[in-house]
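Chemist: Given the coordinates of chain D, assemble chain C onto it according to the supplied hints.
Heads up: the sequence lines are chains D and C, in that order.
Sequential numbering of the first sequence, starting at -10, is according to the working numbering.
Sequential numbering of the second sequence, starting at 23, is according to the working numbering.
Think of the hints as simulated: they come from the structure by calculation, not from any bench.
Which stretches of chain D does chain C cover? Using the computed rule of at least three CB atoms under 8 Å from a CB of chain C, they are:
1. 64 to 70
2. 80 to 90
3. 98 to 107
Partner residues are not named here, just some residues of chain C that face chain D (Cβ under 10 Å, in silico):
4. 28
5. 31
6. 59
7. 60
8. 64
9. 69
10. 70
11. 73
12. 75
13. 102
Being a predicted model, the structure only gives us computed values, none of them experimental.
Glycine residues also receive a C-beta, built at the ideal position from the N, C-alpha and C atoms.
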Amino acid sequence: MARKKSIPAGRKQRPPGRARRGVIVLVSTRKGAWLFHGDAARRTWRTDGPHFLGHVISHLVLDPRDARTLLAAARTGHLGPTVFRSTDLGRSWKEAARPPAFAKAPEGEKGRTVDHTFWLTPAHAGEPNVWYAGTSPQGLFRSDDGGITWSPFSTINDDMQYRKWMGTVQDGTPDGPKLHSIIVDPRDPAHLVFGMSGGGVHESADGGRTWRPILQGMEVVEGFDGTEPTPHDPHCVRLCPSNPERMYQQNHCGIYRRDGPNGAWERIGRSMPKRAGDIGFPLVVHPRDDKTVWVFPMDGTTVWPRTSPEGKPAVYTTRNAGKTWQRLDAGLPAQQAWWTVKRQAMTADAQDPVGLYFGTTSGELWMSRDEGRKWSCMARHLPEIYAVEAAER
Amino acid sequence: MKVLIPSALRSYTERGEADACGATLGAVLTDLERRYSGIRFRIIDEQDQIRRHIRLFVNGEQVHDLSQPLDAKDELVIVQALTGG
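Only chain D is shown next, with the shape it has when bound in the complex:
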């Protein structure tokens, strides 16, 4: 699959003379959203929130194309799902006029209903106002007007082959099967990727008109047929902005890297220390170095406790594309910390050195100013954290 323009691989330096900017950390929780405004040094933070207290916020994302438009995917315990939009960094919000919703089924047929919008992705830099959304149950949606109105996107929502690969609601994750990790290639707006839990990773080279599963090299749970997308469970897929030919994936069955448009996935998690294993949910790529990745392992043994292994949380990093891994736990609790980090709840900023942020299922927000060498807690006692995003401003 040819790409229109290549970006050289490897590490890039921040342009000389460019002023360091502040960072905003966007935190989505089971009970609302918070914004943490940081200075350029990332040492002082102003807390703004809660927004939408009591709403389940699955994802809160700042549009990097204008650095002021926010979209929030929301629902409540009683009410149906919606999307809220702010064009002033959260000072005021307006609800989408037409939130993501499946097409109405023909008379006599049973149609699907969106339970919640799970994932939001701004489209290519050259497509202002275009956004993509992934839902639970799995659906793919697009907005061409900055998130005000949404429509089903491409054919997959109603394609019988894709519906079979998605499985039923019972085949998905505990709180519903999800379409996530919607990726837009920075070189080519027509090159799109998404993941389905369950249902595998899929790629389009023609702007979403056609899709193909990319499964080669992936493992599945013992006893299932890995040539079929259905049993594949990608937890988080990331494309390297410094080398879009390279993708990484945290999967139900390990950590993987894929190089080139037709490459196979390689299980780089096999070199993780045995005490940590290579099961987890989030995965973060370095903004300028395609060999550096961070993951947050969890206990995926026996009944899948989904806690930090042995109650000792740690981030692990590779600096050589998965050959070796190092444990990064300085500042994190040394024991009896049984939380974990969900697939959208760990991220990086674009500063140098890179800042890392993660939110826990116990409502703590942690950060590192030095690429994970030392961690400090930014906030405690928040509701369960579902997503964390960092944006420059």
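Modeler: What follows is chain C alone, placed relative to chain D:
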């Protein structure tokens, strides 16, 4: 027709009572949407089904069908179901 609005939906109406017109339950909810944009989808899904944790009562009787005929003197009550404990 008088429509009683639960607290979860008062961000749309800004009060606990609203007026809406229509010959059926579906028509009343469509009129409510015209007056308070966005409110209908929070209580009725894209397959025109009443959402799982919402209940609708007309003159004290629970109704399930959007084609239910209504009269201008009826009172519609939108309730958050006690499914959350």
